[in-house]
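Trainee: Letter by letter, the chains look like this.
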Amino acid sequence: MTDLLRRLARSPQGAIGGVIVVFVFLLAAFGPWLAPADPEAFNYTARFEGPGASFLLGTDQFGRDLFSRMLSGAPATIFMAVLSTLLGTLLGAFIGTASAYLGGRADEVIMRVVDAVMAIPSLLFALLIVTALGASSVNAFIAIGIAFAPGMSRVARSVALTVRKQDYVNAAIARGERASYIIAREMMPNVVAPIVVEATIRVAFAVMLLATLSFLGLGAQPPSAEWGLMVSESRDYLFRNPWMMIWPGLAIAMVAIGFNLLGDGLRDALNPKT
Amino acid sequence: MSDTPDNAVPVLDIAGYTLDYLMPTGTLRALEEIDLTIARGEVMGLVGESGSGKSTLAFAIMRDLAGNAREQAGTIRLSGTDLRGLSTGEFARFRGRRIGMVFQDPGTALNPTMTLGTQVAETLVRHHGLDWRAAWKRGTGMLERVGLKTPAAMMARYPHEVSGGEKQRVAIATAFACQPECILFDEPTTALDIITARSILDLFRELQAETGVASLYISHDLALVSEIAHRVAVIHRGRIVEEEPADEVFRAPREDYTKQLIASVPRPDRPLTPPLADATGETPLLLELDGVGISYGRPSILKRLFGRSERVVGARDVSFAVRPGEILGLVGESGSGKSTIARALVGLNAFSGQVRFAGRTVAGPRDMDAGYRRNVQIIFQHPDSSLNPRQRVEEILARSLILAGTRDRREIAATIGRLLEDVALPVDFRRRFPHQLSGGEKQRVAIARAFASRPRLVICDEITSALDVSIQAQIVRLLLDLRERYGTAYLFITHDLNLVRQIAHRLVVMYRGDVVETAPVETIATVAAHAYTRELLGAVPTPVG
Amino acid sequence: MSLLYLVKRTGYILFTLLIVSVLVFFITQALPADAAQMLLGENATEDALAAVRERLGLDEPIPVQFWAWFSGLLAGDFGISLRTGLPVADMMFPALARSLLLAGFALLVLIVVAIPMGVLAALRRGKATDVGVSLLSYVGVSLPEFVTATLAVLVLASPEVGLFPSTGYVPLTEDFWDGLHHLALPVLTVSVILIAHVSRMVRSELVDVLHTDYIRAARLKGLSRRRVLWRHAVPNALLPTVTVIALDIGYLLGGIIVVEEIFAFPGIGRQLIVAIESRDLPAIQAGALIMAATYALANFLADLTYALLDRRIQYD
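Respectively, the protein sequence lines represent chains A, B and C.
Just so you know, we're using the working numbering here: the first sequence kicks off at 1 and counts up by one.
Just so you know, we're using the working numbering here: the second sequence kicks off at 1001 and counts up by one.
Just so you know, we're using the working numbering here: the third sequence kicks off at 2001 and counts up by one.
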């Protein structure tokens, strides 16, 4: 583990991404407690304020403190994104590995169906699911998880197939190992790394998708301070107080950049040959 | 080749050339004080193992060095002009026109998305100022000159549509197209099958004699180089350690390194294995294959609908036997089915026909019980792929022991130590990961793994072909030692005829899925019945002197 | 490229559409909405509702309803919008045409900008230009469309600057320049992520290609730098990019939904959002299906292009 961290820190992507992601997780974990003001407290004497001494990042149309709202909205965006990626990764890894393991006709049929499902753009797929389940952040999480599964299963399958062809797996079969040992000890350690890399990069995508759903009114609902929703609410007052849009927009971009960088850094760090 | 070149004025003259690479850890000397001259009409052989600097020298001459290369001293003159003094722009006019190069693997050295014709003709357009029509015509003539049967059709083809040998002929045609003074050949036959390689060598000799081009022929294969070069230079760790007329290298090597290298070159006339104690067939056979066939592929519904449902045949009707303690060589070119047989014998392919091991019939992978698997082990060609990159050496070795029923941790640890000793590796290598080992060391670990269960038969599938000759010699010696000690039989699969004739008792020759010849090693050269075997034996370069 | 290959690919497309229609139908079936109630409004009598349900076949078992809907699709009948009472096809296809215009311009911008960017970065590998392009692309792939769009409006369409209109659509046939003017911000917004993604792809592919033997061989034949780069290296680097662009079209279609909503662009994405908001079942189904079909077709075309460009692939 410490070895991995050291290798990660060697590449600029890994180092910067790692720092951003740790910061983001801290923000999500402790943000709501750090908020200096009640994120939902109206303040009609101080509406549309810019950044300043009394309100660090300014205020919105109800005079709510943007800094406090940003902090209290952090977990909604970040944890949900991580969880939905996890859901999608687990679903996808299961489908993909099973398909690779079954092989033959079954593999072909499963992958054709997966390809067909992937013809529906992720956002549209998530939109449809959320529409069916009803707009809420929990449903958005489920929708993104399901929408990610086909893509992840493709990745998992292709990694599993590559590993399956390696001679160390052949050697294990030749010496008569049980299938469970081959999968658990010979294949899994080599399959997990590329999937972790892919999943990390997808967290960035999930953050963006989740925020987009909220933006469209299909995710988190007011008065939540989910960042996508904050951008959505800012649109009517864009020219009166652009900060209402800039802060949450920046925050979403920063989280996504962090996970993108970390994913690329992990890709290098997890390669056993470098 | 013994006739000396007529002209003594050097075409290529390298003097005191020294090159360093800047590494994160400091500088690495890649070439030191290289002196080398090649006259018109002369072939200079440059022999070295991987990492010796032989390719670096070629790219230094071609002025195509990596960004971290630093030239410290020396000159590289082509007919008097110091190439180091030329600007990139000036030298671009030399490349291809006055000095050319042929690469090792024609499969990667030709652009996959351009026709062969374009790739031949573009050099003529560039250097001889021809228009495309004239260049195309001249190019077609060149393809005919290098022995391609339908040159006009060949010009219009893409690299993937022709064979490896044909690709290399195209590459040679391109190099000769502008009639350069000097051509560098970087292992031009290494990626080819034996018989194809022989025809490319013949072509090289013919064109070289005809054009009198000064040639630097780079190879790891001392036997081959001594056969086609006038003089041979041996390069080791960036220094030319010895330079001799070709026919004297084998007869009278001066330097220790050259002696050691020559000792490593497999020679069929010097067998390394004592004859089998009981060659008469009194003892029961260990392994028998009787009419074994293997085919791959599962025709899809659509393909069957379109009437293209033939399965790929890997091997058909293969029969041979291995006696206890025998080394049976299985030879053939790529695609002959020799590895297919190996995979079938360890349960990686289903097969038809009959296999008997120690008298017991094995009808398919399901019949291979723990006893069979313990007794029949396989070692693969590439240790990089056959050792799990995420397992330490001890975990890799322990598995075979656990499968064989050893449960006691201390006993396993002790046995791993003994196994590592057996393959002459330090015992503390047990804690290492495969990527912390060299190629030869990795292959030793793979051998240790195969011997962990004390097998009676070990299948060696091209296990030395990715290694340098000196490492190969060590690995072969190790295998022979282990056989001496444990009486193990080997099914030794290789395309290296010299090597297998040196160590095997009998040879089985395969060609396109069929066994065409089975004969004792001592007599195969004289009594080979099949035309293919004779052709194969005739194509192998044998050490001169 | 053989007939067999074409038959196979056409089969895949039909299969894809079948799967997508099953999915879309069953997901939308779960919608908490009563189509009859929507048609007749709050005050409808039970009898009237029942009559409508019977007419629409809503009381039939689900598989029967699916078959009725699906066979209608095959005949080109997408149903009647519950919101407007008009045939869904008449709403969706003109909207699709406008969206394709938007997507087409975005692809054009993508190709014109991303490929040179990637080539430049690969050639200046490790230098400031490369790092700059790389940073830009990290930022690019990390900005969701709605953020880019609001930023673009804030910067380029504010009352003070007013370079571009922030909403609306003018057909190019009506007023070409005004039409382009209206397209500018939507096209810019959907292109950003794709440019970032594709330029990274081009860069890494080209870096790989520049290290191959055949590029070295071309260089050592003494060919000009320009010929080595543009004739030997770039075409080989762009081959995989064709596939990436095709896959990105799926992403582009998703982006279009958001962008059309923000810029009030009357394309299929906006139709879909309106349909979702008003629970207009036939319109949702048709919109989703048309989008998936567009994507499947785009991929098919990309594969054909690839097959024409890369002669190595044997389609059998």
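The hints are simulated quantities; they were obtained by calculation from the structure and are not laboratory data.
The reader is advised that the hints may include incorrect statements.
Here are some of the chain C residues that sit facing chain A, going by a computed Cβ distance under 7 Å [claimed, not checked]: (1) 2020; (2) 2022; (3) 2063; (4) 2064; (5) 2138; (6) 2291.
No residue lacks a Cβ here, since even glycine has one placed at the ideal position from N, Cα and C.
Trainee: Of the numbered hints stated earlier in the document, which are not met by this structure?
Mentor: 2, 3, 4
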